[in-house]
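*Asks:* So the chains spell out like this:
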Amino acid sequence: MATKSAPVFALVDCNSFYASCERVFRPDLAKVPIVVLSNNDGCVIARSYDAKPHVKMGEPYFQIKDRLEQLGIVAFSSNYALYGDMSERVMSLIESMLPAVEVYSIDESFADLSGIVDATAMGRQLRSRILQCTGIPVGVGIAHTKTLAKLANHTAKRLQAHTGGVVNLCGDHERDWVLRNTAVSEVWGVGRRMTAHLEGMGIKTAMDLAKADPWSLRKKFSVVIEKTARELSGTACLELDEPDPPKQEICCSRMFGKRLTELAPIKEAVATYMMRASEKLRAQKSYCKKVRVSIRTGMFNPDEAKYAKGVVVTLPYPTDDVRLLTRAAVDAVAHVFQPGFRYSKAEVMLLDLRQPGEFSDDLFAVNQPAEASRVMAVLDAINGRWGRGTLRAASVPGKPDWGMRREMMSQSYTTRVDQLWRVSSH
Amino acid sequence: MSFTSLGPIAADGVRLPLCSFKVPAGFPSPAADHIEKEISLDELLGIRAPHVYLVRIDGDSMQGVGIYSGDLAVVDRAIEPGHGHVVVALLNNDPICKRLCLRGKSVVLQSENPKYPDRYVLEGDELTVWGVITYTVRSHGH
Chain B
823 MATKSAPVFA LVDCNSFYAS CERVFRPDLA KVPIVVLSNN DGCVIARSYD AKPHVKMGEP
883 YFQIKDRLEQ LGIVAFSSNY ALYGDMSERV MSLIESMLPA VEVYSIDESF ADLSGIVDAT
943 AMGRQLRSRI LQCTGIPVGV GIAHTKTLAK LANHTAKRLQ AHTGGVVNLC GDHERDWVLR
1003 NTAVSEVWGV GRRMTAHLEG MGIKTAMDLA KADPWSLRKK FSVVIEKTAR ELSGTACLEL
1063 DEPDPPKQEI CCSRMFGKRL TELAPIKEAV ATYMMRASEK LRAQKSYCKK VRVSIRTGMF
1123 NPDEAKYAKG VVVTLPYPTD DVRLLTRAAV DAVAHVFQPG FRYSKAEVML LDLRQPGEFS
1183 DDLFAVNQPA EASRVMAVLD AINGRWGRGT LRAASVPGKP DWGMRREMMS QSYTTRVDQL
1243 WRVSSH
Chain C
7 MSFTSLGPIA ADGVRLPLCS FKVPAGFPSP AADHIEKEIS LDELLGIRAP HVYLVRIDGD
67 SMQGVGIYSG DLAVVDRAIE PGHGHVVVAL LNNDPICKRL CLRGKSVVLQ SENPKYPDRY
127 VLEGDELTVW GVITYTVRSH GH
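Just so you know, the protein sequences line up as chains B and C, in that order. Just so you know, the first sequence maps onto residues 823 to 1248 in this note's numbering. Just so you know, the second sequence maps onto residues 7 to 148 in this note's numbering.
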């Protein structure tokens, strides 16, 4: 399969990214296991390598708090300001070394290595430069398709000691060895249900899937799994940088830091979530025609009365104007609010999204006034430059008392001048 | 997975125009053709580079080279550390700011203040250079 003109992809993936970020500015924790908690310190969303044997993903913090203490595992609230900045540094370094890079998630990116004479050496260079410049360890998987690169990366991590964190599967021998020694459930894009189907057909390893007939996979399941099988056998079906289509709905929902019983703070929360949702809306350059707002109480405590209700509001015209959207959402939540409950969560969802030009500019339809679009552009420019929330609707408080619980959050070492890392010169 | 990046400290730093004029109506400024670029402290100090970090210095052992407690230091992690560099080092995992000196076979973390003795890095010590200090910034009160 490996012809000279075959493309070469690399997947660069940060090891235990959130935990690694915390360690950059806490060298004292270099050998201490770390877990990172979800918003509101709810459950475990990331673990350092040495915490993995002791803690499962998704375990609720309140249940494992004592166990963590006994084991000497340190817990952090998620610090997305830090992780976002460190991610940008890692991605910029990759982009400075390679011409075509697709940032796939906060801690992974695909890069095009086609035409590079020694791809493995490039992988090692990437690894050592990122480690030196950021302190974040990465694994690099290299292969002729994205799916194989992902598998190579997985192998690099699994066999860290043997591979030094870089695995190149461009050679048939290496590729076949890994395919034979990887369960089909470990293949990129094969979920639990698909695994069960495939195993039922006798497809148990990645090699079995690579050798399966792609056409019958397509007929039986989908074009997605067909592509996966073709990619495993070495035919590239996925290209770099296939941009995601704009989202069909945008949601912003969060637990309150404490239970709320009054309407006023709930309105503040809804306005805050709408501010964020409308930023996402404008970032993908869509307009929305409908807004759904919902609130609910906690659902698990048997002693508390339960209540959940949502309402959909249709807007006068497709819009991305945060002022109009906030007014609609705040009015809507007043309709579903019932006194006497202890609310734990609100959600704002933007529905019926359209791209400009997609909705008919019919003669009698009302459109968003041009001046509103200009105001939004100025708003986004100011907040882009001076930080989110610098300019906001009056209904959005600066420091809400219902805000997220983040009791174990590290400093914003790289994004706040008042929280910089302190280095002793005593 | 969706994530939110707050981005760097500011999108791009404060730019000071090299020259600025009020242009009287009707008279083109004779200097307009000579405006070359803007001065940016961000660019000068290189703090937008992915391998550069700002840290705060705490202590007076580097006063001799003008690094005082409370100063901001620009730390470059891409520079290969060498003899004579002022560095942020991790000595047994404690971050400290000192001058890195290689004396024969020994490695010394040297202070720039007679009150502080040199610290020889011994066999049982673990030393990592976190980054090299390229600039420091101090506020003079106003």
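What the hints contain is simulated information worked out from the structure, not anything from laboratory work. Predicted model only: the values in this text are computed from it and were never measured. Don't take each hint at face value.
Pair ranges (Cβ atoms, derived) [said to hold, decoys possible]:
| # | chain 1 | residue 1 | chain 2 | residue 2 | range |
| --- | --- | --- | --- | --- | --- |
| 1 | B | Gly-1011 | C | Ser-145 | 48 to 56 Å |
| 2 | B | Lys-887 | C | Ser-145 | 53 to 61 Å |
| 3 | C | Glu-86 | B | Met-1230 | 34 to 42 Å |
| 4 | C | Arg-54 | B | Gln-947 | 16 to 24 Å |
| 5 | B | Ala-943 | C | Tyr-74 | 38 to 46 Å |
Residues from chain B shown here face chain C by an in silico Cβ test under 8 Å; the list is partial [to be verified]:
| # | residue |
| --- | --- |
| 6 | Arg-911 |
| 7 | Cys-955 |
| 8 | Thr-1236 |
| 9 | Ser-1246 |
| 10 | Ser-1247 |
Don't be surprised by glycine CBs; every beta carbon is placed ideally from N, CA and C.
*Asks:* Against this structure, judge whether each hint is valid.
*Replies:* Tested hints:
no., hint, verdict
1, B:Gly-1011 <-> C:Ser-145: 48 to 56 Å, "holds, 53 Å"
2, B:Lys-887 <-> C:Ser-145: 53 to 61 Å, "violated, 42 Å"
3, C:Glu-86 <-> B:Met-1230: 34 to 42 Å, "holds, 36 Å"
4, C:Arg-54 <-> B:Gln-947: 16 to 24 Å, "holds, 23 Å"
5, B:Ala-943 <-> C:Tyr-74: 38 to 46 Å, "holds, 44 Å"
6, Arg-911, "holds, 4 Å"
7, Cys-955, "holds, 4 Å"
8, Thr-1236, "holds, 7 Å"
9, Ser-1246, "holds, 5 Å"
10, Ser-1247, "holds, 4 Å"
In summary, the one numbered hint that this structure violates is 2.
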